[in-house]
Structure formats: C-alpha cells, structure tokens
Amino acid sequence: MAACAGSENLAMNAGVAREKSVKGRGNWRQIRTYADLQEQLHRDLIAQHPEWVDANGDCPTCDSYDQRLAELINAFQSATGKSVAQRT
Numbered sequence: 255m256a257a258c259a260g261s262e263n264l265a266m267n268a269g270v271a272r273e274k275s276v277k278g279r280g281n282w283r284q285i286r287t288y289a290d291l292q293e294q295l296h297r298d299l300i301a302q303h304p305e306w307v308d309a310n311g312d313c314p315t316c317d318s319y320d321q322r323l324a325e326l327i328n329a330f331q332s333a334t335g336k337s338v339a340q341r342t
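Heads up: the sequence shown begins at 255 in the numbering used here, then just goes up one per residue.
In case anyone wonders, no lab produced these hints; they're calculated from the structure. Heads up, some of the hints might be wrong.
[As the list claims (entries may be wrong)] Ranges between beta-carbon positions, derived for each pair:
no. : residue 1 : residue 2 : range
1   : Arg286    : Leu326    : 16 to 22 Å
2   : Trp306    : Thr334    : 28 to 34 Å
3   : Ala324    : Gln284    : 18 to 24 Å
4   : Asp290    : Gly335    : 19 to 25 Å
5   : Phe330    : Ala309    : 33 to 39 Å
6   : Leu291    : Gly311    : 20 to 26 Å
The beta-carbon is built from N, C-alpha and C at its ideal position, and this holds for glycine as well.
Using the sequences and the hints, build the whole thing.
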C-alpha cells in the first residue's frame, strides 16, 4: 500500500512539474534564429546564475557559454552544408 501512495505522489509531482513547465513557456520569446537562441541563453544564464555576474556587469562564464554555443552552431552549419553539397 505504501508503494502505491509513493507512486501516486510521484505521478502528481510530475504532473505539477509539467504544468509549470508549460505555463513558463508562455513567457518565452519565440526563437527563430541562432542569434535569438544565443540571446535567450545569455539572458537565462544571467537570470539563473546572478552570482556569475561581476560587479562591473561582465559575465565571463556566460561569455564562455556564448562562445561554446557559437562554435557548436558553426560546426553544425558546416556539417549540414557539407552533407547537402555532397548530395547534389
């Protein structure tokens, strides 16, 4: 019986988390470009980790994340462009 109650609570908690997630998405801007994605990531990192922001407003950790995302986007675009060019 205790196992049933535990799984019932787990299911209710999952439902609450899913509901909050869906509600939270309504506040997000729609991301249409890689630049939009980078801006959203930067804003979200600062909002979630204000301790990363220096007194002068700089955020070296955020800058590092921005740079890594840009590298991944470039690698993806290069790989995608090559695969499309190879097919034609």
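Consistency of the hints with the structure:
1. For arginine 286 and leucine 326, the Cβ-Cβ distance of about 18 Å falls inside the hinted range of 16 to 22 Å, so the restraint holds.
2. Between tryptophan 306 and threonine 334 the CB atoms are about 32 Å apart, so this pair conforms to the stated range of 28 to 34 Å.
3. At about 21 Å, the beta-carbon gap between alanine 324 and glutamine 284 stays in the expected band of 18 to 24 Å.
4. In this structure, aspartate 290 and glycine 335 meet the distance hint of 19 to 25 Å, their C-beta atoms being roughly 21 Å apart.
5. Look at phenylalanine 330 against alanine 309: about 35 Å separates their beta carbons, and that is inside 33 to 39 Å.
6. As the Cβ distance of leucine 291 to glycine 311 is approximately 22 Å, the hint placing it in 20 to 26 Å holds.
Hint check: no violations occur; every hint is consistent with the structure.
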